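Can you build the whole structure from these sequences, using the hints too?
Residue numbers (the numbering used here), protein chains in the order written: chain A, 1 to 114; chain B, 115 to 228.
Everything labelled a hint here was simulated from the structure, so no lab data went into it. Since this is a predicted model, take the numbers as computed values, not measurements. Treat the hints with care, since some could be wrong.
Unchecked claim - To be clear about the criterion: a stretch of chain B counts as covered by chain A if any three or more of its residues have a C-beta under 8 Å from a C-beta of chain A, and this derived list gives those stretches:
1) 148-161
2) 200-213
3) 216-228
All C-beta atoms in this analysis are idealised placements derived from N, C-alpha and C, irrespective of residue type, glycine included.
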Amino acid sequence: GENVEQHPSTLSVQEGDSAVIKCTYSDSASNYFPWYKQELGKGPQLIIDIRSNVGEKKDQRIAVTLNKTAKHFSLHITETQPEDSAVYFCAASMHGGSQGNLIFGKGTKLSVKP
Amino acid sequence: NAGVTQTPKFQVLKTGQSMTLQCAQDMNHNSMYWYRQDPGMGLRLIYYSASEGTTDKGEVPNGYNVSRLNKREFSLRLESAAPSQTSVYFCASSPLGRGDEKLFFGSGTQLSVL
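What follows is the structure, encoded as structure tokens:
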């Protein structure tokens, strides 16, 4: 089955710097890669996702890149702000498959220092 | 606009006690899920219900049972709680249960088993 590795487990940056979180996956059939943000005391929320037919997707200060050959994808946050501090999870699944096949990485705790 | 509502928010049990975690969604979603979140382990799927009347095991189903009471409600039962079930439990829902859909999470139940 699918296995998703996420690095780093913790990341500390200064406000205004960029942050990058990387994930690798094992199942070449996976073609949907969402990123969820979890603020303290809350449930995860989808912030961006990418499908395998595109290599990059941007939404304001966040972007996700995908390298299907290498089976890795990354989350990029530019001009970080204190409100970006949270735990971020990557995940992988197969379009057309069931949500029961969505596999999450172990998470990255991002701290943005003012 | 409640979304996904979980009760209770906190619970302390003694080993061997039983309890039911309740979840309800008001978005008319077909699919519902139960995840557990442990430090350093990410989100792991316990059980899911693709549609009313169906339930399926996820990655870590042992020690749990579920009931899809109706389209809105999906409960998780611990028959005989064990310390290994100390965790934060999240209920989620999605419109159709496809692998490339957004998951909507509740705010979680923090469970401690002593």
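Hint-by-hint comparison with the structure:
1. Counting residues of the region 148-161 of chain B whose beta carbon lies closer than 8 Å to any beta carbon of chain A gives 6, which meets the minimum of three for the stated coverage.
2. Proximity of the region 200-213 of chain B to chain A, defined as three or more residues with a beta carbon under 8 Å from a beta carbon of that chain, is established by the 6 residues found.
3. For the region 216-228 of chain B, the proposed coverage by chain A is satisfied: 6 residues have a C-beta within less than 8 Å of a C-beta in that chain, meeting the threshold of three.
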